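Residue numbers (our numbering), protein chains in the order written: chain A, 1 to 280; chain B, 1 to 217.
Read the hints as simulated data drawn from the structure, not as lab findings.
None of the values given here were measured: they were computed from a predicted structure.
Below, computed lysine-lysine pairings styled on DSSO-like, alpha-carbon distance capped at 30 Å:
no. : chain 1 : residue 1 : chain 2 : residue 2
1   : B       : LYS129    : B       : LYS117
2   : B       : LYS150    : B       : LYS129
3   : A       : LYS8      : B       : LYS213
4   : B       : LYS50     : A       : LYS8
5   : B       : LYS77     : B       : LYS150
6   : A       : LYS198    : B       : LYS50
7   : A       : LYS213    : A       : LYS198
8   : A       : LYS213    : A       : LYS8
9   : B       : LYS150    : B       : LYS76
Residue strings, one per chain:
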Amino acid sequence: MKDNFGPKPWHQSNWDFRAALNFIFGGAGAGLLVVAAFSGLAGDALRAEIVLGMALIGAGLISVWFEIGRPLRAINVGFNPFTSWMTRESFAAGAVFALGLSAAWLGNPALAQAAALAALVFAYCQGRMLRAAKGIPAWRVPALAWLNFTTALTEGAGLFVALATLFDTPARGVLAYFSLALIARGLAWSIYRGNVVKSAARPALAALERAGKILIQFGTIAPLALLLVGLFAAEIARIAVLLAGVAALATGWQFKFVLITRAAYNQGFALPHLPVRGTR
Amino acid sequence: MTRWAMVADLRRCVGCQTCTASCRQANATPPGVQWRRVLDMEVGEYPAVKRVFVPVGCMHCEDPPCMHVCPSTATKKRADGIVTIDYDLCIGCSYCAVACPYQARYKTDRASFAYGKPTAAEAQGFDPKRLAVATKCTFCVERIDAGMAKGLTPGVDPEATPACVNACIAQALSFGDSDDPHSNVSQLLTENQTFRMHEELGTGPGFHYIWDKKEEA
Chain A
1 MKDNFGPKPW HQSNWDFRAA LNFIFGGAGA GLLVVAAFSG LAGDALRAEI
51 VLGMALIGAG LISVWFEIGR PLRAINVGFN PFTSWMTRES FAAGAVFALG
101 LSAAWLGNPA LAQAAALAAL VFAYCQGRML RAAKGIPAWR VPALAWLNFT
151 TALTEGAGLF VALATLFDTP ARGVLAYFSL ALIARGLAWS IYRGNVVKSA
201 ARPALAALER AGKILIQFGT IAPLALLLVG LFAAEIARIA VLLAGVAALA
251 TGWQFKFVLI TRAAYNQGFA LPHLPVRGTR
Chain B
1 MTRWAMVADL RRCVGCQTCT ASCRQANATP PGVQWRRVLD MEVGEYPAVK
51 RVFVPVGCMH CEDPPCMHVC PSTATKKRAD GIVTIDYDLC IGCSYCAVAC
101 PYQARYKTDR ASFAYGKPTA AEAQGFDPKR LAVATKCTFC VERIDAGMAK
151 GLTPGVDPEA TPACVNACIA QALSFGDSDD PHSNVSQLLT ENQTFRMHEE
201 LGTGPGFHYI WDKKEEA
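Please work from the sequences and hints to get the whole structure.
Structure below.
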């Protein structure tokens with residue numbers, strides 16, 4: 001491999017915790033809408049979950065609105081659907097709110113499912129947004145789009161089951177979906193990790209490694225173990241599921257926080273050749 | 001077609017930062033914002049140490065990631081390859097800044113001046129439109145357009161040439177049409193060994209670095 005010369009990459013300073021909150025709240029809100037819409041909920045319970053999901057997505061968008069330089073021009077975000085994943089994210093968010101509000105107003109499960117599909121698109125767009133940021137090696141890895149997507153589903157499912165335990169033990173089908181989401185996220189992390197080591201800077205990898213370890217140990221293995229315990233010990237099932245849900249949600253959030261605010265080292269500069277001066 | 005490009009001869013650059021100063025003066029950029037800057041690198045270990053000075057800035061890429069990600073269409077690429085920002089459209093989301101692999105973009109939220117109050121030159125060049133939006137090197141596009149309207153040739157006639165190129169004391173920076181085989185930059189690219197920064201990313205930078213002459217056959 002040819003040596004490259006140049007200053008070491010440094011951390012980007014353009015996106016801070018406000019941008020991170022968009023991914024944190026947006027992903028969890030989208031994931032919550034998906035599981036709520038397809039869980040068989042109806043009536044006020046469905047309404048409450050839909051409103052909470054939209055509130056989370058809205059909180060993320062408001063957070064990032066505080067970061068942009070010209071907030072009064074925020075409408076311009078919708079001008080480039082042809083190539084910008086940020087524009088597409090904004091369109092998907094619009095669809096989520098339009099369909100979600102209709103579903104909550106009418107209490108219509110079909111509309112809720114349509115809102116959930118829009119939420120899936122929203123979560124996917126968020127992953128592609130990061131992937132399109134070519135200046136940040138830890139983000140531009142294609143596998144990150146899927147990690148972001150699966151963690152959104154997992155966080156939403158975690159939040160859903162945690163909330164459900166406040167009233168009753170969640171349905172087996174929901175717990176099965178939650179388990180699958182946990183496994184999918186764990187797999188997505190291992191694929192992402194295998195790819196990101198090829199491009200990201202050392203301090204970025206160190207931050208990701210720590211966050212990934214937490215994601216696997218406390219965000220995958222521990223919740224799956226708790227779900228198993230809940231399966232066989234009915235008397236502690238609710239508390240076990242509650243802890244599993246909270247762990248899945250919290251570890252997903254910490255990972256995204258680290259991804260945006262700790263692992264976002266830039267490309268730096270690199271010279272494949274040094275200038276040849278004087279006689280050779 | 002025309003493809004405006006810049007060539008930096010790394011063998012000639014002495015790191016004097018005159019290009020940086022002249023860019024700042026010509027474009028009235030605030031403190032800390034250097035559309036044209038020069039990296040000062042030290043390579044190797046004593047006693048085999050080399051210093052390399054590398055002018056950097058917007059590379060005016062063929063396939064600019066900043067343009068693709070821009071949600072407001074503020075960032076555009078002209079037919080002649082110059083990547084521009086419409087300050088009236090930009091929302092200051094900084095997505096372009098994280099998409100740029102060359103750290104070429106800046107965002108300044110508040111007006112700032114070298115000595116607190118603006119000097120006469122700073123007051124003259126101050127543009128409130130540039131606050132809280134993305135800014136970057138424009139290849140001095142106004143000079144190019146105005147010069148060409150007068151029938152001048154960018155890269156040859158100083159009035160139509162980017163300020164940094166005019167200011168370079170070592171003639172390390174050259175500017176011209178890389179699609180014209182007879183242009184100064186095409187000649188330099190033909191006669192020398194060059195590279196472009198982060199070529200592997202596929203952005204197609206319009207900024208070339210000369211590092212050696214071509215091997216004689």
